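In the order they appear, the protein sequences are chains Z and E.
So the first sequence is residues 1 to 462, counted in the working numbering.
So the second sequence is residues 1001 to 1462, counted in the working numbering.
Bear in mind the hints are in silico, worked out from the structure with no lab data behind them.
Predicted, not measured: the structure shown is a model, and the values here were computed from it.
There could be a bad hint or two in this list.
[What the hints assert, rightly or not] Simulated pairs of lysine-lysine, DSSO-like, Cα-Cα distance not exceeding 27 Å:
(1) Z:Lys217 to E:Lys1217
(2) Z:Lys161 to Z:Lys217
(3) Z:Lys260 to Z:Lys161
(4) E:Lys1161 to E:Lys1260
(5) E:Lys1270 to Z:Lys217
(6) E:Lys1260 to E:Lys1270
(7) Z:Lys161 to E:Lys1103
(8) Z:Lys161 to E:Lys1217
(9) E:Lys1270 to Z:Lys161
(10) E:Lys1161 to Z:Lys103
Protein chains: 2
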Amino acid sequence: MSTSPDATSLIAALADEVPPDRFVTDPDIIDRYQHDEAEWAPYAGAVAVLRPRTAREVQALVRHCRRHGIPIVPRGAGTGLSGGANAVAGCVIVSLERMTAVKQIDRLERTAVVEPGVVNDDLRAQCATEGLWYPPDPASSPWSTIGGNVATNAGGICCVKYGVTRDYVLGVEVVTGTGELVRLGRQTAKGVAGYDLAGLMVGSEGTLGIITEITVKLRPLQEPHRTIAGYFDSLVDAGRAIRAVAEVGLTPSALELVDKRCLQAVDEWKHMGISAEANVVLLGRIDTPGTVGDDEADRMLQCFTDGGATWAAASTDQAEADALFAARRLAYPAMERLGPVLTEDVCVPKRHVPEMLSRIESIGQRHDVMIANLAHAGDGNLHPLLIAPADDDAARIRAQAAFDDIITAALELGGTVTGEHGVGLLKMPGLRQELSPAVIDMHRSVKAALDPDGILNPGKVF
Amino acid sequence: MSTSPDATSLIAALADEVPPDRFVTDPDIIDRYQHDEAEWAPYAGAVAVLRPRTAREVQALVRHCRRHGIPIVPRGAGTGLSGGANAVAGCVIVSLERMTAVKQIDRLERTAVVEPGVVNDDLRAQCATEGLWYPPDPASSPWSTIGGNVATNAGGICCVKYGVTRDYVLGVEVVTGTGELVRLGRQTAKGVAGYDLAGLMVGSEGTLGIITEITVKLRPLQEPHRTIAGYFDSLVDAGRAIRAVAEVGLTPSALELVDKRCLQAVDEWKHMGISAEANVVLLGRIDTPGTVGDDEADRMLQCFTDGGATWAAASTDQAEADALFAARRLAYPAMERLGPVLTEDVCVPKRHVPEMLSRIESIGQRHDVMIANLAHAGDGNLHPLLIAPADDDAARIRAQAAFDDIITAALELGGTVTGEHGVGLLKMPGLRQELSPAVIDMHRSVKAALDPDGILNPGKVF
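Work the whole structure out from these sequences, hints included.
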């Protein structure tokens, strides 16, 4: 355990503004902060990790780094799947894990003010005690932080009806690349005073500013929901059912797809006994209250049946329904237990879900890559998981080729390379396919405007 | 009628790319395009008006103007209330009124693709035939255009439950200040590929780009609603009822306030006979389906009664309820018939609505200014209308002083100077009060990044 000379001089230079104990300099501990969960995304050695307690400490670091041209890589819990939080050589990592205050939950205004390190599930639990609901629910919600969710504009299961993180961010406090500590956005229900710079920060993956406080909008606690499950023989049958739900004009509060590979992985891990029944499972939810909701649940069931379900039913047993959704949430970590997983995040128009699922299947066969499928199917946001055995370079190269082909297919169908995970490192080539050179230039201009020295999370996104 | 030499050379220079008949050069006709509906906001002489048919024509103009340093002022229908569309000396006005195609309404994806000149009500009517709903409903909806709505991030009556224009914009096609024609945003339900540049355009009031196409998100047709009306003796009583609705956790689909001055103006114009009963009227709507909605309507009625209503009832007569809302929509044009109206657009936290209404009353008394009150009360977005007789300079100066005091009061209560009308010219001093110098600098940097020569709507917003 040795502290690098760079770290020593950094800590000394900031000693008046940042207590030295905020820094981690042990290389073994630094190593754990140097990457997120993206498979095969490069990262390099950081000089130190700062775990600030206040926005002023962040500001002091940014000002110092700006003067000395030191790159900064901010991060939340590191649950990202695109490499957006991966360290670059000589950088200081800013981990916001210790800024965990829920400063306010306001029942009347339906807002919460939180520090970036608050874990998503913790905020949701605290809101629930006030009869309120913070909807964005990425599968990482037990671990991921609101700051990271905002930086990546995280989605989740609820998005199909309730939208993504951006839809809940009213305001942010940010340290910009010029070292200014600013408040953007508003505290009121509406507001159009100037450009939507708060919105610009959402999803900017730490490249425009470091978020030190967030004001989110809340909703009343969600109504109880009905769960509709359907078993299908094939992905394409399930895709037809998904499209049918959109065609008949339903707005489910969740519509998830999990295939047998995922369910088997969950069963092997948690022994839930749910993988034997079907090749593909669709899980739908309806939270419209009253008889209108009952009718909608019936219609969703009909869509599943019409799509070719081998079995479909509305669950009357809440425990059973919860178990199915718990299995869905566990699918990603369960797959990771089996080896390196390259995670796609394409999103296509809903009408093309059957076609996209069919293309994913063909691409897997063509490249001889095992692909498990998991999807926020109701919004066309698909997460094919490409699995390659550890230490099998040929398999890794085949998986990467399949990854590229899936992105190309999604773009051909009018989709996007990333529905909710962010660009990070893994989707940078895809972004260049998706956006025109003029739009990439606009990104460069905006980046240069707010981070003129390019010190914030350099080399990411574009 | 004479064409200025500047206009002649402009038209000649663009003749290969823009048919000359797209230009208006008659000074009398130009004059009608030189300002919006903001009272006492300055404007100056434009050289010509371009009424383009295509994005390429807009692009050709921007490229020419960039080369020659000619300012451009884009506009929709000119129903703005902040002066955002007012001409500056020597500018070319771009009126998008002839780009009126609804290119697509997609039932399955719940999206529409429209040109900027489509009138809000026309889009809403076309969506309705497909069983779909475009919620943003500014009071100007019979005249204002989607392009103008997007440029100002327009709100309306539905926002209290369904959000503002920004919440419905998925993508835009824009000509930037560098003359690039770009597509920003997405066509899919979700997407985080790069910065939210589409969102940045929303509410930028023509200072960052000229919008030539918009993809909006739609909802299923709204459920039938119940209307709850309440009569109150005072603004503060009504304010208490408004706060109570938030306190008990209701989510009305509308909650509007109209005072007697507005109702009398409507009655004098339309003879609806609704102004005799009350000093202040609250109009609430609940669109939650079924018995849950019935229960919510009962609770709203209770809030009105508890707030001190002299009379309150849930309307069982749809025609009667529609008449009340029609009167609310007519209030602004009815007041304008009485003379110049300076329109506020402050938005305050909901808990401060009673206090803010009380301060507005005091400010009117202090400055001897007649103030009529109209409000999207459910989101704390208040539109006090300051009325000064025409050609009475002293009254105008008193009204402007009251206008400034109302802005200061709103900011003291944690509010914003503009909830939905935009900054334009009238709210520029207020914006400088609301935003820190560092945030104004960020606006300047972003503006310089996307419009480096400062030709797009110069002198507006900040």
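Structure versus earlier hints, numbers of those that do not hold, lowest first = Going through the list in order, the structure violates hints 5 and 9 and respects the others.
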